[in-house]
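> Listed below, chain by chain, are the residues.
There are 2 protein chains.
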Amino acid sequence: MTHKYRTIAAHYSRAIETGLLPVGERLPSLRELADLHRVSLATTVEACRLLERQGYVEARPRAGYFVRHPKRSAACHAGQPGRAAEPDEPRIDAADYVGVHERISVMLARAMQRAPEVDLARAVCAPAMYPGAALKNHALRILRARPSLYDASPDPGGVSRLKEAIARVSITRGLDLDPGAVLVTHGCSEALSLALRAVTSPGDVVAIESPCYFGILQILESLGLRALELPTDPQRGLSPEALEIALRRPGGVQAVICTPALHNPLGSIMPDDAKARLVESCERSGVPLIEDDSYGALLPNPAHARPLKSWDRTGNVIHCSSLNKTVSPGARIGWLTGGKWQNRIEMLMYAVSRHREEIPQLAVADYLTSGAFHRQMRRMQTQLARQRALLAQAIAEHFPAGTELTRPAAGLLLWVTLPGRTDTDRLFERALHEGIRISPGSMFSNTGRFGHCLRLSAGMPFDSRIEAAVERLGQLVRELPS
Amino acid sequence: MTHKYRTIAAHYSRAIETGLLPVGERLPSLRELADLHRVSLATTVEACRLLERQGYVEARPRAGYFVRHPKRSAACHAGQPGRAAEPDEPRIDAADYVGVHERISVMLARAMQRAPEVDLARAVCAPAMYPGAALKNHALRILRARPSLYDASPDPGGVSRLKEAIARVSITRGLDLDPGAVLVTHGCSEALSLALRAVTSPGDVVAIESPCYFGILQILESLGLRALELPTDPQRGLSPEALEIALRRPGGVQAVICTPALHNPLGSIMPDDAKARLVESCERSGVPLIEDDSYGALLPNPAHARPLKSWDRTGNVIHCSSLNKTVSPGARIGWLTGGKWQNRIEMLMYAVSRHREEIPQLAVADYLTSGAFHRQMRRMQTQLARQRALLAQAIAEHFPAGTELTRPAAGLLLWVTLPGRTDTDRLFERALHEGIRISPGSMFSNTGRFGHCLRLSAGMPFDSRIEAAVERLGQLVRELPS
Numbered sequence: 000m001t002h003k004y005r006t007i008a009a010h011y012s013r014a015i016e017t018g019l020l021p022v023g024e025r026l027p028s029l030r031e032l033a034d035l036h037r038v039s040l041a042t043t044v045e046a047c048r049l050l051e052r053q054g055y056v057e058a059r060p061r062a063g064y065f066v067r068h069p070k071r072s073a074a075c076h077a078g079q080p081g082r083a084a085e086p087d088e089p090r091i092d093a094a095d096y097v098g099v100h101e102r103i104s105v106m107l108a109r110a111m112q113r114a115p116e117v118d119l120a121r122a123v124c125a126p127a128m129y130p131g132a133a134l135k136n137h138a139l140r141i142l143r144a145r146p147s148l149y150d151a152s153p154d155p156g157g158v159s160r161l162k163e164a165i166a167r168v169s170i171t172r173g174l175d176l177d178p179g180a181v182l183v184t185h186g187c188s189e190a191l192s193l194a195l196r197a198v199t200s201p202g203d204v205v206a207i208e209s210p211c212y213f214g215i216l217q218i219l220e221s222l223g224l225r226a227l228e229l230p231t232d233p234q235r236g237l238s239p240e241a242l243e244i245a246l247r248r249p250g251g252v253q254a255v256i257c258t259p260a261l262h263n264p265l266g267s268i269m270p271d272d273a274k275a276r277l278v279e280s281c282e283r284s285g286v287p288l289i290e291d292d293s294y295g296a297l298l299p300n301p302a303h304a305r306p307l308k309s310w311d312r313t314g315n316v317i318h319c320s321s322l323n324k325t326v327s328p329g330a331r332i333g334w335l336t337g338g339k340w341q342n343r344i345e346m347l348m349y350a351v352s353r354h355r356e357e358i359p360q361l362a363v364a365d366y367l368t369s370g371a372f373h374r375q376m377r378r379m380q381t382q383l384a385r386q387r388a389l390l391a392q393a394i395a396e397h398f399p400a401g402t403e404l405t406r407p408a409a410g411l412l413l414w415v416t417l418p419g420r421t422d423t424d425r426l427f428e429r430a431l432h433e434g435i436r437i438s439p440g441s442m443f444s445n446t447g448r449f450g451h452c453l454r455l456s457a458g459m460p461f462d463s464r465i466e467a468a469v470e471r472l473g474q475l476v477r478e479l480p481s
Numbered sequence: 000m001t002h003k004y005r006t007i008a009a010h011y012s013r014a015i016e017t018g019l020l021p022v023g024e025r026l027p028s029l030r031e032l033a034d035l036h037r038v039s040l041a042t043t044v045e046a047c048r049l050l051e052r053q054g055y056v057e058a059r060p061r062a063g064y065f066v067r068h069p070k071r072s073a074a075c076h077a078g079q080p081g082r083a084a085e086p087d088e089p090r091i092d093a094a095d096y097v098g099v100h101e102r103i104s105v106m107l108a109r110a111m112q113r114a115p116e117v118d119l120a121r122a123v124c125a126p127a128m129y130p131g132a133a134l135k136n137h138a139l140r141i142l143r144a145r146p147s148l149y150d151a152s153p154d155p156g157g158v159s160r161l162k163e164a165i166a167r168v169s170i171t172r173g174l175d176l177d178p179g180a181v182l183v184t185h186g187c188s189e190a191l192s193l194a195l196r197a198v199t200s201p202g203d204v205v206a207i208e209s210p211c212y213f214g215i216l217q218i219l220e221s222l223g224l225r226a227l228e229l230p231t232d233p234q235r236g237l238s239p240e241a242l243e244i245a246l247r248r249p250g251g252v253q254a255v256i257c258t259p260a261l262h263n264p265l266g267s268i269m270p271d272d273a274k275a276r277l278v279e280s281c282e283r284s285g286v287p288l289i290e291d292d293s294y295g296a297l298l299p300n301p302a303h304a305r306p307l308k309s310w311d312r313t314g315n316v317i318h319c320s321s322l323n324k325t326v327s328p329g330a331r332i333g334w335l336t337g338g339k340w341q342n343r344i345e346m347l348m349y350a351v352s353r354h355r356e357e358i359p360q361l362a363v364a365d366y367l368t369s370g371a372f373h374r375q376m377r378r379m380q381t382q383l384a385r386q387r388a389l390l391a392q393a394i395a396e397h398f399p400a401g402t403e404l405t406r407p408a409a410g411l412l413l414w415v416t417l418p419g420r421t422d423t424d425r426l427f428e429r430a431l432h433e434g435i436r437i438s439p440g441s442m443f444s445n446t447g448r449f450g451h452c453l454r455l456s457a458g459m460p461f462d463s464r465i466e467a468a469v470e471r472l473g474q475l476v477r478e479l480p481s
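Sequences listed follow chains A and B, in order. For reference, each letter of the first sequence is one residue, going 0 to 481 in numbering that gives the first Met the number 0. For reference, each letter of the second sequence is one residue, going 0 to 481 in numbering that gives the first Met the number 0.
Be careful, since some hints might not be right.
No copy labels: a pair is met if it fits in one copy or bridges any two.
[Stated by the list, open to error] List of simulated lysine to aspartate or glutamate pairs, DMTMM-like, C-alpha gap at most 25 Å:
#: 1; residue 1: 339; residue 2: 177
#: 2; residue 1: 135; residue 2: 154
#: 3; residue 1: 3; residue 2: 51
#: 4; residue 1: 3; residue 2: 116
#: 5; residue 1: 135; residue 2: 365
Hints listed in this document are in silico derivations from the structure and should not be mistaken for laboratory results.
Could you build the full structure based on these sequences and the hints that come with them?
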């Protein structure tokens, strides 16, 4: 059990490390800190003294605590995966965002140039873990029963049967969805993109988790938006305190994207109190909150699974999700429910992609309502737990001492932090050359903060080929300068 | 055969009517006009004198010809469908564009509230005219042969087999496509939207045809772009001269969208010399040209069918198309080839909709390469010619004297101009009330210039119900004030 003052100090040290609180900035006053964190004044005094001892802030008489130039030694505290490797220049608002998108795209293109022998990069499960045979049979039956599906335009916004099925499976997650307000999209990427287009204009700042799924970074750049990367804990996810600081800054942020359930790449799960607080702060500040729930259905414990949207009383949360990870990577079914921006989002979607093809929607709807879905989720959860454990064990065995990795409670992703400053972009190139595909940490941030990290997927059944690949990766890490 | 000076004068009178040349603006000098239109000085003198007699311009000694306040009588010249009904205020750049999108969406939503008994609005053919049975059989075969299509992510950018099939059928249109540079999209709307996002920024001005397919107006508004509506001839399509004037204005335009083959709603077909000239002017001005070729495959005469893209030597033309009108409204297959913006477009597409579902792509690819496609196009052309003729005849019989309508050489759309100032928004409401769906002219422009026009689709086989609906429409027109 950590003391409260340590938790508070840790939030601010992370905010300082990520550049959210730049050098020279005044911390909130002791009284403001007490209000903000709902603690006593004595606790805030202790927190600030700790920050001072750690070298993050300096006290100026009668003026308060100010962020100071980081001491290198203070910037890395152990046991924190994804910590700052080399915080040369604190980044504040990532204004010069253009380019990251191209960098990621080039990396993805390079990764796809040759079929790897072992793919530890794709955040997707082995084909055999998906119910392809059932979906195929549903599709065959639908095609025979409705032979003229290809002859007429589908209804815009998605077929009702699928919307109802989505609403039905959401109930078990504590989410009451109106099927009429579900908009079927081309995967979660389109849903997130539509949500952002509805609530922002080019040049706006969007607060995101750091590290962040690279697809979100690509969407932000493609829409001319700027990212503010917020400290994100490998266990508890996005820091609501850091977000509150960001919301109070002049100019602030115009939207927030959060992945509370099984964050990609960290696998973190936000506790319910943090989720409630996040929804409330965004609501109070009038800043739209966009929830990415792509992995939520993989949570075995329903107590962890309540989406942010279930706390939303005013329509301020746009809930985005998809079945690409859970049911079918091939059917490309995503959805959103847009809260108070529903009409605007429907218009934007209609203007761009209009109707969408009905057969996969109908096949997936039949599957979701067949009862097989919940059985498959349980099977997948068990299998992924085993695959994660075996992959983690192999990493512990073959990677150099000092390597840290997340141990998420569910999902298919592990986030590995290498000791020292090992450049995982170089590791990516060398591994690719040997037929092994990984996702280097540089793809998950615009700050260069995760250049010594990598994401590995445990989506494939663990076998001797994967074991050999992990062993080889460990050797390659050792060969690189750290 | 009209005289050259009349043609030139007509171009400028239309530019003045549409507000492209605002009151007080100086016309190009006589010498500039001679250069621009490649005619003698004597011809330009005659053209300007005609414009003066018609009341469009006034001569100011030693200064040139200036646009004057339009005389109402001069603003309407007979025999020109879609002429200005009430040019109260010449519009210049449609800067206050916001709102048209919502207006169109509201109208579409109203139209969809109840299933009409007779739908003359949808620009689509009767289901029986599409090869649904063949596509269904292809899809069944594909599902049986590749039962795990739903279990894995498709390749981004579309399946190779479809790209090759698209390139193959394009050859007959005089277009040499590199299959590797074909990007499969969700219909032509997504293709146009991606093209615009690649070459413009919010606030930019895009030159479009007037009237213009409302879907393009929606896309422009959704991207924060402004429309400059250019005079478009019901026979010859977009006026390259008007575009050249627009390109020479300070600020000019940042992109051009053109539908050279079977323009929606006019059905116009640009002559080859105009197409070549358009491609050249855009190239010379460094302004990207976006081609919408959704209807091109319906042209029976291959001499008319060459896309703008076939004149492109520098990659300045982005060619967008779809199979929604011709092969399958249900499969939602569109594509584009992006010229020099190919990489940027691929990135933008990957950021938003990523992979797309493979089964309809494979089914359509098999169909396109089966030979049945060309036979179906010929059958469809013959059937549509008959349906257009019968619908036109019914309109001539039942609508009031003075009604004008286009007689396009192919396609499924007729554009009707009512005599006087009959408000087709009101006609739309009354017709909807009686179970008849039409597209009022107000949807096709931001200028209010086509408030007395309507678009009717000849996509459905002409029968007694359609005949009765046209008769009823004619009665409703007579009941409205003109």
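> Pop the pair residue 3 and residue 116 into one bin, within, between, both or neither, using alpha-carbon distances up to 25 Å.
neither (48 Å within a copy, 69 Å between copies)
> Using 25 Å as the alpha carbon limit, work out where residue 135 and residue 154 are close: within a copy, between copies, both or neither.
both (23 Å within a copy, 19 Å between copies)
> Quick one: residue 339 to residue 177, C-alpha cut-off 25 Å, is that within a copy, between copies, both, or neither?
Cα proximity of residue 339 and residue 177: one copy only (13 Å, versus 44 Å across).
> Pop the pair residue 135 and residue 365 into one bin, within, between, both or neither, using alpha-carbon distances up to 25 Å.
Cα proximity of residue 135 and residue 365: in one copy and across copies (11 Å, 19 Å).
> At 25 Å max between alpha carbons, let me know whether residue 3 reaches residue 51 within a copy, between copies, both or neither.
within (16 Å within a copy, 84 Å between copies)
In the structure shown, a violation is registered for the earlier hint numbered 4 alone.
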